[in-house]
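Novice: Since the structure of chain V is already known, use the hints to place chains S and R on it.
Chain order of the listed sequences is V, S and R. With the first letter of the first sequence counted as 1, position 179 gets the number 179 in our numbering; the numbers rise by one all the way through. Just add 1000 to wherever you are in the second sequence, counting from 1, and you've got our numbering. Just add 2000 to wherever you are in the third sequence, counting from 1, and you've got our numbering.
These are computed hints drawn from the structure, not numbers from a lab. Warning: the hint list may mix true and false statements.
With a straight-line Cα cutoff of 20 Å, these simulated DMTMM-like cross-link-like pairs (lysine to aspartate or glutamate) come out [what the hints assert, rightly or not]:
(1) LYS1328/S <-> ASP2083/R
(2) LYS1224/S <-> ASP2128/R
(3) LYS1224/S <-> ASP2122/R
Computed from a predicted structure; not experimentally measured.
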Amino acid sequence: MKRRLWALVAVIALLIAACGGDEGTDTTDTTEGGAATTEAAGATTTEAAGATTTAAGGAEGDCVVGMSWNNYNEERWAKHDEPAIMAALEAGGCEYIQSDAGSSEEQQITDVENLIAQGANVVIILAQNTQAILPAVQGATDQGIPVIAYDRLIEDANTFYVSFDNVLVGQLMAEVIFDLVPTGNYIVLKGNGSDANSDFLREGIGAVIDAAVEAGDITIVAEDYTDNWDPGLAQTQVDQWLTQANDDVQAIVSENDGMATGAAAALDARGLLGTVALSGQDADVAALNRVALGTQAVSVWKDARALGTAAGEAAVQLAGGATLADVEGTGEFVYTNKETQAETVLTSILLTPIPITQDNLNEVVDAEWIAVEDLCAGGATAGPCGG
Amino acid sequence: MSVVEASPTHPETLGPSPRRSVGSFLRDNEIDTRMVGMIVVLLVIWVGFHFLSGGTFITPRNLWNLSVQTSSIAIMASGMVLVIVSRNIDLSVGSMVGTVGMVMAMLQVEWLPALMGRGNSWIWVATLAVGLALGAAIGALQGSIIAYIGVPSFIVTLGGLLVWRGFAWLTASGRTIAPMDASFQLLGGGARGSLGDTGSWILGGIACVGIVALLVMGRRRRRKFGFRLRPTWLDVVLGFLGCAVVLAAVWVMNSYYLPENLARAYAEANAIPWPEGGLQVPYGIAYPVLILLGVTLVMAFVANRLRFGRYVFSIGGNPEAANLAGIKTKRTIVKTFMVMGILVAVSAAVSIARLNAAVSGLGTLNELYVIAAAVIGGTSLAGGIGTIPGAILGALVMQSLQSGMVLIGVGAPVQDVALGVVLVTAVAIDTIYRRRAAR
Amino acid sequence: MTTTPPGGRTPLVEMRDMNVSFGGVHAVEDVSIDLNAGEILGLVGGNGAGKSTLVKTLAGAQKADSGEIYIDGKLATIATPRDAKAYGIETIYQTLALADNQDAPSNMFLGRELMTRWGTLDDSAMEDATRKIMGRLNPKFQNFKTPVSSLSGGQRQSVAIARAVHFNARILIMDEPTAALGPAETEQVRQLMRQLKSEGIGIIMISHDIHDVFDLADRISVMLQGRLVGTVNRGDVTMDEVLAMIIIGKLPEDVTTTELEQLHG
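For reference, chain V alone in the conformation it holds in the complex:
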């Protein structure tokens, strides 16, 4: 019996070590109980019993920013977004705490509550599901804590929306593809069904190709969502769609690079890699390499560092007591819910994405987004790869 108990303890310890092992996190033991005071209307001030402690190495004062990731399990968050956010926070004298919801909507609500309980004055949320997160946002707003919606829109006028213009992303990628393939058969590979971004991107794509579709120049032979943006699933889908279309496909508009990897593998199996126009988003290493090699036409680059910096700076200002409208560089973004047609006016900062094609590869290299060796692996000769 005793041995079993120790074994269980060991397993639990292992679990805690694994789950808490994200880089650069500052999950600290801060104030007991309540959040700090804010000046937002209707806020309740709570006094922490006893002294408030600050983390070792963190900034002093009461600026704590909580970051709620929906699923840390993608390349860009750790590599680009998080370091930028943290740098901006540190420059502004704020402390950074975070949590990872592991793709679970319920878990994310708990995470947001925990971050507030740990003393966050501002919460940045990368929402797993734009609808499901609303209770957590409501809870935060009630406590007078500003919420920043990071990269993914939250349908709540009290949130501060920081993103790239995702409709524009869709538009930019479609423009490159449409330029290469003005007539022919298209496959549209969409992302996760419950992610509003999938539909924003589709909107932007539609803005470019809808006219041609109407006129009959372009036929969309297949279009569907892909659970969790999963590359393997995308590969199987493209396998099947190519079979059904008997390979008569001239373009695949993939909403992100991960799925583009899957699509590329499916095309490669049929010897179509390089002859079918392929798009993507995120400018990840494998995708940029494909652009250099000429097997992917475009990857829309959202310099996540700029996004992280903007969010971090906004968070600093909000924590300092600014209202949403006071934050620098904001505009208004009107979001229309496609089902209810309800309109939400969001205070937002929308950054401009850059489509990366073979013509402007040096931009990603110069910005130190990717190393030249990684870009040019496999004998690429375009752009900065020489030749």
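Specialist: Quick look at chains S and R alone, frame taken from chain V:
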């Protein structure tokens, strides 16, 4: 011979039994009725989708794709059978695929080239070896905690599901690692990852000879001991059917030809002049499918002909009886998890080779499909019952459904509903069938 | 009351001062019994008397806290079921210890499978051997390929007995051998036991059926709440006296007529 004892459900008479039906006939002659049922279901699904897709499902191309798409889950399902039969479960296989897959990707893309030099032709071998060892080690670790410390397998592997998913991320800091080593890629199928027609026919021929040999040896052995034989005509029919199915499958694989541009590249590479009507270069059996077939044979052998397999089933049937019979049950349990770990590594290799990349989310939710495949294939979650070929068929049924639905344009959410319904229906039918047979 | 082994030979099995405790509860406390070749020892007692636990130490399925076991006069170490089998001790458990999902031949050879020379299971040889064994013991038995779960209680019992008998057992432990059987099958088992006894095998028989014990046993050992009340020759006692040993714990020479009458309430 001794007096015959009549038993309502399992007559073992030499002459015609009182209640003649196809089912009892098959059972009398040691043919697995459940397996036959599953094959019928599979054919129904295939024919159904063939019509719904306007004639695209039963084509060499789609069937070839289907075989490759089924491989990674089916490979793991064969190992899951032993785990479930011994009254355990492994919920961590998906996350293990993530960790082992990521490690193998890092090995062949970063670590080994630094050690052995870029493009070293042994890189893929070393990668595979380390991957298999890692899978076995993880399996042994989980198995030991389950067998020797006594923590239920549900808990240990649930913990594993979290731990190994975390490790998958940590291995490469969440990056996507691509592309794979040129030789390693072949494991995933694709244009160059197939056996070609000559090789496939040879393999088909060997398989056919093997089936006939097994039937003949079986008859000879039973005659030697004076046991009841299957009617000769039945054995002949079985041999015939077996060969026919094998050769038909090979023929389908060989009817799938390289698309034109790849055929041209092939012709150039092999200095073949391009003929007038085009060159038909058959794919043949894909390497991942070959691996799957090998795994199936080995696992079926282990389950039926080796002491280890017998012990796994005994533990599943009655763990106390196994202990009292002197069987080293704990060691056997550890071995089942080690075998599962090795198969996870094989499956991970096939997966990353096919995608030609490793993402940190590799293998997510695989455990559910693997368990579903085993269960649809006849493995009982109560333990003690299950077959390897059944699990392979179960995986094939599920993948046929999923790929078929994508083919006919059924949306993703509906696909999930359909798969869930099929899973529950299959087990419900199984439960009712077993209950009736037990009466 | 002491007993004399017939002919004064060394007992086949001698268990001295056996003790087994489970977390403070003495399941078996300072129990000594012995068994001679060619005799049936009836081990009786109420629920929780410790009979099963005692024989399990002999069968290797339970570790004794203290005590010694002598086989043929020599000290024996029995730590696992395999050890017991090596000494020629075979056990038929109350639950039969059969693997329900496996057929009769597999159960017969469970843990002791016959192998081909290539290291694989020789199922045909095992089936053949099983047919021969069952042919001697229970000629009506025919279901060699079906899982034993589909057999009747009596058939399952015959498989368990066949398993115990086949491997040259010299000492047979039978825990409630006829509890789940009908009259015809019970008679069959009784015949078998007499036959085995005549072959020189020593049998320890645990039973709650006093009639069975009186019919078959040569000597009777009675246990009560973990202790040995005493061992008597069957021919020297009446059923009531044995009942008194079981229920009250008094030896025949100590029990009064009133108490004997009270047993029948």
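Novice: Hint by hint, say whether it matches the structure.
Specialist: Quick rundown of the hints versus the structure:
no. : hint                    : verdict
1   : LYS1328/S <-> ASP2083/R : holds, 13 Å
2   : LYS1224/S <-> ASP2128/R : holds, 10 Å
3   : LYS1224/S <-> ASP2122/R : holds, 13 Å
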